[in-house]
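As a plain string of letters, each chain reads:
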Amino acid sequence: MRALPWAYLIAAFVFIYLPVGALVLFSFQAGGLPVPPFEGPSLRWYAEITGDRDLMEALGNSLLVALGSSFVAVVLGFLAAYGLARHVLPGSALIRGLLIAPLTVSYLIVGLGLLIVLTRTGVGLSLVTAGIGHVVINLPLAFAIIYASMGAQQQNAERAARDLGAGEAQVIWLVTVPMLAPAIAAAFFLSVTLSWDEFIIAFLLTRFDVTLPVEIWSLLRSGLSPRLNAIGSLVFLVSVTVVLILEILIFRRKS
Amino acid sequence: MSRDTARGWGFVAPALLWTLAFFVVPFVVMGAMSLATLERREVVWGLSLANYAELAEKAYLWRAVLVSLEITLTVTVVSVVLAYPLAWIIAFRVPKRWQRLALLLAILPFWTSYVVRSYAWLLVLAREGVVNQTLMNIGLIAEPITLANTRFATITGFVHFFVMLLTLTIYANLVQLSPNYRRAAMDLGANAFQTFRHVILPLTLPGIVTGAFLTFVLCIGDYVTPQILGGNTELTVPQVIMVQLGRRADFPLAAALAIVLMGIVTMAYLACARWLRLDRI
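Chains as they are written, first to last, in the UniProt record's numbering: chain E, 1 to 255; chain F, 1 to 281.
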């Protein structure tokens, strides 16, 4: 009976790591199919994907969209959080509700709504439209994270700065932003991971230039291939790196 | 309007305008689109309920709603049942100093791109895949069994993702509980099961319901997992929406299906509203 919890823990970890394990292991497969028996290890497929122009272009596009949309989301989210926390606004609960609202709607519906409006108004689909969609889904998170960390502590420092003659722009740039740096960084990196991985909005709102998840999607049609394993392992590596940065940024500070 | 308020609006305006222009307006247009009709491939605006009527009449449409509901409810229940013990073990059996690491490891694959994660399950469940090969090697089966392109595969892919999410939320709930509750129950003569059933479970119910609701919402709106793992034997609502967009460019019907999806989510919200603590996520 004593061993039962540990057996469960091990079984759960096997289940959780089974797909990732198979993904990474068979990315080093020497043969042409990512299934047992394992032959290798070989870096053949990694060499092939880094030489693939379409794929590397999609990877660059993904980074561009992720960084650009996260930057816009964090700037807009920060300004809104500052405005709501430091100024008296009528209907502020309603504004907060409206800013958070996109979180409650599935990505497919956000993308579908934008697609309808864009095609009706004749705006062409591109990386920019995908980026706009990603700002819509990341703005609520960025706003919520930054708003939650705006406390009395910064307010006192802001007041002191104002008493010493700083204008509002100086207060924000020299006091508020540095004091909130961990929350702002957390919001930014979270946005980057979500946008970097996002598929359905990017799929609906891009056309000729696509992001990496969309490119991977089109490769899926040709079935199982160690190439896909190699790409997937790389994407996983990037996400894990960003998550670990987040972990260190947020939790080291707290403890 | 005071100067302070005017300045405040200046800060809030960019985010507010963005949300209005790229979320609220598209949403309203989508609602209007669901009342339009398609005539000779052209959208004709109007106030018609034809799309919703079609939903009730055509079997492939309402069956998709049923399939989505069945899959989502199964996934939600199975995920909670599997995640609770895992969160429990991490919270109460794993030594304190290893808990953060155990939790981090338990949810690390959560961060695989979700297209890639579904593909990875395809690898595991394929005819020549890891599961079939292992089962044949140890002699449990003679022939490979069909695992991929079934509802079972879709549910497995979903459960994998949501077990990680729920382990995180339930763990957060369990460690918040004061150990005094457990001690008091034990002192009053309750055995481990009674303590769980009458003390811990009721106290963690809001957390469980919140996690389950989140699972329900994310699961019912997902297109990728059923599309990659489920094959095309039965379609979920998001898959049917994408079919409308692709083949026939039937935006009005797609919009109506999206509204139905939102209706289902709203009903789920109302059903568990009294336990939900969305502000605590």
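These are computed hints drawn from the structure, not numbers from a lab. Treat the hints with caution; some may be incorrect.
Just so you have them, the derived chain E footprint on chain F, three or more residues with Cβ under 8 Å [what the hints assert, rightly or not]:
id : stretch
1  : 158 to 164
2  : 249 to 256
Partner residues are not named here, just some residues of chain E that face chain F (Cβ under 7 Å, in silico) [what the hints assert, rightly or not]:
id : residue
3  : G31
4  : V35
5  : A85
6  : L89
7  : L114
8  : S239
For glycine and all other residues, C-beta sits at the position ideal for the given N, C-alpha and C.
Going through the hints against the structure:
no. : hint       : in the structure
1   : 158 to 164 : holds (count 3)
2   : 249 to 256 : holds (count 3)
3   : G31        : 12 Å, violated
4   : V35        : 4 Å, holds
5   : A85        : 10 Å, violated
6   : L89        : 5 Å, holds
7   : L114       : 5 Å, holds
8   : S239       : 4 Å, holds
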